[in-house]
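Going down the list, the sequences are from chains A and B.
First residue of the first sequence: 0, per numbering that gives the first Met the number 0; consecutive thereafter.
First residue of the second sequence: 0, per numbering that gives the first Met the number 0; consecutive thereafter.
Because the hints were derived from the structure by calculation, they are not lab data.
Note that the structure is a prediction, hence the values are computed from the model and not measured.
A portion of the hints provided could be inaccurate.
Said to hold, decoys possible - To list a few chain A residues with every Cβ distance to chain B over 10 Å, as calculated:
{"no.": "1", "residue": "Leu-28"}
{"no.": "2", "residue": "Gly-43"}
{"no.": "3", "residue": "Ser-50"}
{"no.": "4", "residue": "Val-58"}
{"no.": "5", "residue": "Arg-59"}
{"no.": "6", "residue": "Pro-125"}
{"no.": "7", "residue": "Trp-126"}
{"no.": "8", "residue": "Asp-163"}
{"no.": "9", "residue": "Asn-190"}
{"no.": "10", "residue": "Trp-193"}
{"no.": "11", "residue": "Ala-194"}
Unchecked claim - Facing chain B, according to a computed beta carbon distance under 7 Å, are these residues of chain A, among others:
{"no.": "12", "residue": "Ala-32"}
{"no.": "13", "residue": "Val-33"}
{"no.": "14", "residue": "Glu-36"}
{"no.": "15", "residue": "Ala-79"}
{"no.": "16", "residue": "Lys-85"}
{"no.": "17", "residue": "Leu-93"}
{"no.": "18", "residue": "Leu-97"}
{"no.": "19", "residue": "Val-107"}
{"no.": "20", "residue": "Leu-111"}
{"no.": "21", "residue": "Ile-146"}
{"no.": "22", "residue": "Val-231"}
{"no.": "23", "residue": "Ala-247"}
{"no.": "24", "residue": "Leu-250"}
{"no.": "25", "residue": "Val-256"}
{"no.": "26", "residue": "Thr-257"}
Beta carbons: idealized from backbone N, C-alpha and C, even for Gly.
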Amino acid sequence: MRRPTEEAPWLRWVLCLAAVGVAVLFLVLPLVAVFAEAFRRGWGPVAKSLSDPDALAAVRLTLLVAAIAVPVNLVGGVAAAWAIAKFDFPGRRLLMVLIELPFSVSPVISGLVYVLVFGAQGWLGPWLEERGVQVVFALPGIVLATIFVTFPFVARTLIPLMQDQGRTEEEAAATLGAGGWRMFLHVTLPNIRWALLSGVLLCNARAMGEFGAVSVVSGHVRGETNTMPLHVEILYNEYQFVAAFAVAGLLALLALVTLAAKAMLERAG
Amino acid sequence: MRRRSALPGLGLALGITWLWLGLIVLVPLAALMLRPWELGVAGVWASVTEPRVVAALGLSFGAALGAALVDLPLGLLIAWVVVRYRFPGRRVLDAAIDLPFALPTAVAGLALTALYAPNGWLGAPLAEMGVKVAFTPLGVAVALAFVGLPFVVRMVEPVLRDLGPEAEEAAAVLGATRWQAWRLVVLPALGPALVSGVALAFARAVGEYGSVIFIAGNRPMESEIAPLLIVARLEQYDYAGAAALGLAMLVLSFAFLVVFGLMQRRLRRGVA
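All chains, full assembly: derive it from the sequences and hints.
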């Protein structure tokens, strides 16, 4: 017999089918379309467009940018989470709001702010130019914009968890005479490792996939300041659709691996 | 309650945090707050009230609001099914919800354009029905609904999970039909979460760039979004004008978020 808090079986089926239908048509089909468009003419053109020197340069730049941006946000995020979760201090709530700020700003604005500071007519632009340092339309600008858009990921995955865990274990370690670093490495880190890894994964996925912010500060020089997402745009605008979707497919693969890893981490943690 | 912590490292952690926050976020955002005023107050006003700018802001905010409101029932449906029912494929459905989070925006933009173009898998049948999606404002809204959907689902899911069966059982015992119990007991409990989901989807959609510019067609006065105008102004080295538009977008989104916050407070009071 059906419990009074359950829907009729036919209604349950209709709702399940509707939800799956929405997910397939709206969420999954775009992903399928990327690979279908890329492999329209088989493996050959895909392999060729992925081994193109400009495509390889874009992959290298994307990896380099993520390799700088993710560790910066890892250190900053862990420091922020340690302070916010384990201590009470004036300005704690303000700090939490400020850390989330980059998520509520348009990617284009995230790039714009660096042009306003470092661009040719920016606050520091002329001064830097005299000294031969280029930030905007070069690697440093791309890295800065990427750090900005991926700024909150690590801190926001750690803070709720570390708050739940409280500070009794660390206090016990301190009472037993452990120094700060020893306590962090042996007590705190093992407790937060899965969440930390998950935050780093999300941060990395966004860092490699960021388009708007990077597009504003990149200057779009092929083979030099083009990251993978920007390379996709250039190819698409040149009507090289198979090549564009091949590089897009590579990025989509990264997204799928990230999602799978995140699901596994959630089960582990 | 404030008590001294016996743990070390607050000074170091705060030092790193403020340095990181200041250099990466606060100083650059200060530039956004200050640069527009080089134009003077009248100049800033003129720069953000140009007809082309007003049309772009209207499209960005209008399409974002429309998309968030479409995400509301869709997100509620998916969250309900994932939390309440057990069926084959539920795990996959749950994972697929995060696809718009994980997929780089440029990839999403390309994919949606390919799907909804007049010769695409979805665009062709829609075109036969006389609905044009790609390269119209409708296309903008479709892309924004795509990026916003996970926000609604992920806000509603935990609340629905915590909402035990007791209240619904009580409603059933008191003679409510399943529909009445759902409308009078479940929906009000989900209200605040639904509003924050919609607010998050909206906030994300307003500034969205990568997933929109491919499908939008970008015709001035018709399908041009505000972030694209910022890019156009930067390309003409109109830094102050670009900053003015960026600041206007931030102020407008903030105003909308305040309204969402008030709605949420009112709904919460209704529950308590």
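Now for the hints, and whether the structure bears them out:
For A/Leu-28, the requirement that its beta carbon stay farther than 10 Å from each beta carbon of chain B is not met, with the minimum near 6 Å. The claim that A/Gly-43 is not at the interface with chain B holds, since no C-beta of that chain comes within 10 Å of its own (minimum 20 Å). Every CB of chain B is more than 10 Å from the CB of A/Ser-50 (nearest about 20 Å), matching its label as outside the interface. Taking the minimum C-beta to C-beta distance to chain B, about 13 Å, the non-interface status of A/Val-58 holds against the 10 Å cut.
The beta carbon of A/Arg-59 is kept farther than 10 Å from every beta carbon of chain B, the shortest such distance being approximately 17 Å. Listed as a non-interface residue, A/Pro-125 keeps its Cβ farther than 10 Å from every Cβ of chain B; the least gap is roughly 13 Å. A/Trp-126, annotated as away from the interface, keeps every beta carbon of chain B farther than 10 Å; the closest lies near 14 Å. Against chain B, the non-interface label of A/Asp-163 holds: every CB pair exceeds 10 Å, the least being about 14 Å.
Look at A/Asn-190: its CB is around 14 Å from the nearest CB on chain B, clear of 10 Å, so calling it non-interface holds up. No beta-carbon of chain B comes within 10 Å of the beta-carbon of A/Trp-193; the shortest separation is about 17 Å. Every CB of chain B is more than 10 Å from the CB of A/Ala-194 (nearest about 16 Å), matching its label as outside the interface. Taken as an interface hint, A/Ala-32 checks out: its beta carbon lies about 5 Å from the nearest beta carbon of chain B, inside 7 Å.
Given hint, A/Val-33 at the interface with chain B, holds; its Cβ is 5 Å from that chain's nearest Cβ, closer than 7 Å. The restraint placing A/Glu-36 at the interface with chain B holds, with a minimum CB-CB distance near 5 Å, inside the 7 Å limit. Residue-level restraint check for A/Ala-79 holds (minimum Cβ-Cβ distance to chain B is 4 Å; threshold 7 Å). Interface restraint check for A/Lys-85: the shortest CB-CB distance to chain B comes to about 6 Å, inside 7 Å, so the restraint holds.
Here the hint on A/Leu-93 is broken, as its CB sits about 10 Å from the closest CB of chain B, past 7 Å. A least Cβ separation of about 6 Å between A/Leu-97 and chain B falls short of the 7 Å threshold, and the interface hint therefore holds. Annotation: interface hint on A/Val-107 holds; nearest CB of chain B at approximately 4 Å, less than 7 Å. The criterion of a C-beta within 7 Å of any C-beta in chain B is met by A/Leu-111, whose closest approach is roughly 5 Å, and the hint holds.
Given the 7 Å rule on beta carbons, the hint for A/Ile-146 holds: about 5 Å separates it from the nearest Cβ of chain B. For A/Val-231, the interface hint holds, the least distance from its beta-carbon to any beta-carbon of chain B being 5 Å, beneath 7 Å. Hint status for A/Ala-247 relative to chain B: holds, with the closest Cβ pair at about 4 Å, below 7 Å. Restraint check, A/Leu-250 versus chain B: the minimum CB separation of about 5 Å is within 7 Å; hint holds.
Checking A/Val-256 against chain B by beta carbon gives a least distance of about 9 Å; that is not within 7 Å, so the hint is violated. Given the 7 Å rule on beta carbons, the hint for A/Thr-257 holds: about 5 Å separates it from the nearest Cβ of chain B.
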